[in-house]
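Colleague: Sequence:
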Amino acid sequence: MKIATYNVNGVNGRLPVLLRWLAKSRPDVVCLQELKAPQDRFPIGAINDAGYGVIWHGQKSWNGVAILTKGSTPVETNRGLPGDPEDLHSRYIEAAIDGITLGCLYLPNGNPAPGPKFDYKLRWFDRLHKHARKLMKADTPVILAGDFNVIPTEMDVYKPASWVDDALFRPETRAAFEKLVKQGWTDALRTLFPNDRIYTFWDYFRNSFARNAGLRIDHFLLSPHLVAGLADGGVDREVRGWERTSDHAPIWIEVGLPSLGKPPKASKKRARDLRHD
DNA sequence: ATGCCTGGGAATCCCAGA
Numbered sequence: 046m047k048i049a050t051y052n053v054n055g056v057n058g059r060l061p062v063l064l065r066w067l068a069k070s071r072p073d074v075v076c077l078q079e080l081k082a083p084q085d086r087f088p089i090g091a092i093n094d095a096g097y098g099v100i101w102h103g104q105k106s107w108n109g110v111a112i113l114t115k116g117s118t119p120v121e122t123n124r125g126l127p128g129d130p131e132d133l134h135s136r137y138i139e140a141a142i143d144g145i146t147l148g149c150l151y152l153p154n155g156n157p158a159p160g161p162k163f164d165y166k167l168r169w170f171d172r173l174h175k176h177a178r179k180l181m182k183a184d185t186p187v188i189l190a191g192d193f194n195v196i197p198t199e200m201d202v203y204k205p206a207s208w209v210d211d212a213l214f215r216p217e218t219r220a221a222f223e224k225l226v227k228q229g230w231t232d233a234l235r236t237l238f239p240n241d242r243i244y245t246f247w248d249y250f251r252n253s254f255a256r257n258a259g260l261r262i263d264h265f266l267l268s269p270h271l272v273a274g275l276a277d278g279g280v281d282r283e284v285r286g287w288e289r290t291s292d293h294a295p296i297w298i299e300v301g302l303p304s305l306g307k308p309p310k311a312s313k314k315r316a317r318d319l320r321h322d
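Quick note: my numbering has the first sequence finishing at residue 322, numbered continuously throughout.
Please note that a few of the clues may not be correct.
[Claimed, not checked] Simulated restraints on C-beta separations: (1) 240 / 84: 40 to 46 Å; (2) 143 / 69: 20 to 26 Å; (3) 226 / 165: 29 to 35 Å; (4) 83 / 61: 16 to 22 Å; (5) 241 / 156: 23 to 29 Å; (6) 162 / 127: 37 to 43 Å; (7) 240 / 217: 35 to 41 Å.
[Said to hold, decoys possible] In silico SDA-like links for lysine to any residue, alpha-carbon gap of 20 Å or less: (8) 115 / 187; (9) 182 / 231; (10) 105 / 88; (11) 224 / 287; (12) 69 / 287; (13) 204 / 287; (14) 162 / 174.
FYI, nobody ran anything at the bench for these hints, they're computed from the structure. If you're wondering where the values come from, they're calculated on a predicted model, not measured in any experiment. Glycine included, every Cβ here is placed at the ideal spot set by N, Cα and C.
Taking the hints into account, I'd like the entire structure generated from these sequences.
Modeller: Here you go:
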C-alpha cells in the first residue's frame with residue numbers, strides 16, 4: 046500500500062497541481078494539509094473524479110486536513126485532536142483504512158517563538174503525545190502522517206545556524222518530537238535513508254528550491270507493527286518545481302499490511318527520488 | 001532586524017505561513 050502526505054497549501058488554488066500529481070503518483074491513500082478552504086468549498090467532485098473517496102475537516106482561510114483513499118471512502122475515527130474542546134483549528138483527522146489507523150495532522154507552526162503561538166504549538170504537542178500513546182496501546186497498526194512543522198535534527202535543514210531560534214527547530218520543539226518518537230514510533234523516511242539529505246519543504250523566498258535550501262518537516266511515524274513491512278519511500282521533488290505549486294513536496298511510503306503477508310519488494314526508484322545533485 | 005513569495009479574504013491591504 047502506497048501512502049502519501051502532502052501539504053498542498055490551498056486545495057482549490059493548487060487543484061491542477063494536486064490532480065496532476067495524483068494522476069502520476071497514484072497513491073492508495075493520501076493525507077492533505079493546509080486545505081485553506083471552508084468545509085463546503087472542498088473540491089469533492091474533482092477528487093471523486095480522480096478515483097478517490099475523501100473525508101475532510103475544513104476551516105475558513107487557514108488549516109484544514111483531508112484523507113483520500115483510492116476506490117473507497119475512509120472510515121472516520123476522529124475529527125480534531127482530542128484534549129481541548131476550545132481548540133477550533135482543523136488540524137487533525139483520523140481514519141481506519143484496511144486495518145490501519147491513519148492520523149493525518151497539521152501541527153501548528155509556532156512562530157514567532159517565544160510567544161502565544163509557540164505556547165499553542167507546545168500545548169498541541171502535549172495533546173498529540175497523549176493521543177499517540179493511546180493509539181500505540183491499542184493493538185492496531187498506526188501511521189501518523191503529515192506536516193509536523195518540526196526539523197528533527199541538524200541533518201534535516203540546509204543551514205542549521207539560521208534556524209536555531211525558529212519554532213520549527215528550537216530545542217523545545219525537537220525535544221517534543223523526540224519524546225513522541227520515543228513512545229516507540231519509527232520515523233519512516235529517516236529509517237529508510239539514514240545518511241541522506243531529505244527535504245520536504247523549500248521556502249518561496251530567496252530562490253530556495255533552486256538552491257536546495259530545504260527543510261525536512263513532513264513525516265511518517267509508524268507503530269512497531271508496520272516497521273517490518275516498510276519497503277520504500279521518497280519525496281516527489283519534481284512537484285515542487287511545477288507552476289503555481291505548494292512550498293512543500295509530497296512524500297510517500299510503501300508499506301505491506303501486516304495481515305496480508307509479505308511486503309512489496311523495494312524499488313530502484315528510491316535512490317533517484319532523493320538525489321539532489 | 002526585515003523582506004524576500006504566496007493564498008485567502010476582504011477590500012485594493014492584512015494575516016499567516018515556515
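Colleague: Do the alpha carbons of residue 105 and residue 88 lie within 20 Å of each other, as the hint requires?
Modeller: holds, 14 Å
Colleague: Does 16 to 22 Å hold as the CB distance between residue 83 and residue 61, or does it fail?
Modeller: holds, 20 Å
Colleague: Are residue 240 and residue 217 spaced within 35 to 41 Å by their CB atoms?
Modeller: For residue 217 against residue 240, whose Cβ atoms are near 27 Å apart, the range 35 to 41 Å is violated.
Colleague: Lying within 29 to 35 Å: is that true of the beta-carbon distance residue 226 to residue 165?
Modeller: violated, 21 Å
Colleague: For residue 162 and residue 127, compare the CB-CB distance with the range 37 to 43 Å and indicate the outcome.
Modeller: violated, 21 Å
Colleague: Are the Cα positions of residue 162 and residue 174 separated by 20 Å at most?
Modeller: Roughly 18 Å between the alpha carbons, so the hint for residue 162 and residue 174 holds.
Colleague: Take the C-beta atom of residue 240 and the C-beta atom of residue 84, compute their distance, and say whether it sits inside 40 to 46 Å.
Modeller: Once the Cβ atoms are compared, 43 Å apart, the range 40 to 46 Å for residue 84 and residue 240 holds.
Colleague: Between residue 204 and residue 287, does the CA-CA distance stay at or below 20 Å?
Modeller: Violated, at roughly 25 Å.
Colleague: Mind checking the alpha carbons of residue 182 and residue 231 for me, to see if they're no more than 20 Å apart?
Modeller: Status holds; Cα separation ~15 Å.
Colleague: Is it true that the CA of residue 224 sits at most 20 Å from the CA of residue 287?
Modeller: Since the Cα atoms of residue 224 and residue 287 sit roughly 36 Å apart, the hinted pair is violated (cutoff 20 Å).
Colleague: Quick one, are residue 69 and residue 287 close enough, alpha carbons at most 20 Å?
Modeller: It holds: about 13 Å lies between the C-alpha atoms, which stays within 20 Å.
Colleague: For the pair supplied as a hint, residue 115 and residue 187, confirm whether the alpha-carbon distance does not exceed 20 Å.
Modeller: This hinted pair holds, its Cα atoms lying about 19 Å apart.
Taken one by one, the earlier hints fail for this structure at numbers 3, 6, 7, 11 and 13, listed in ascending order.
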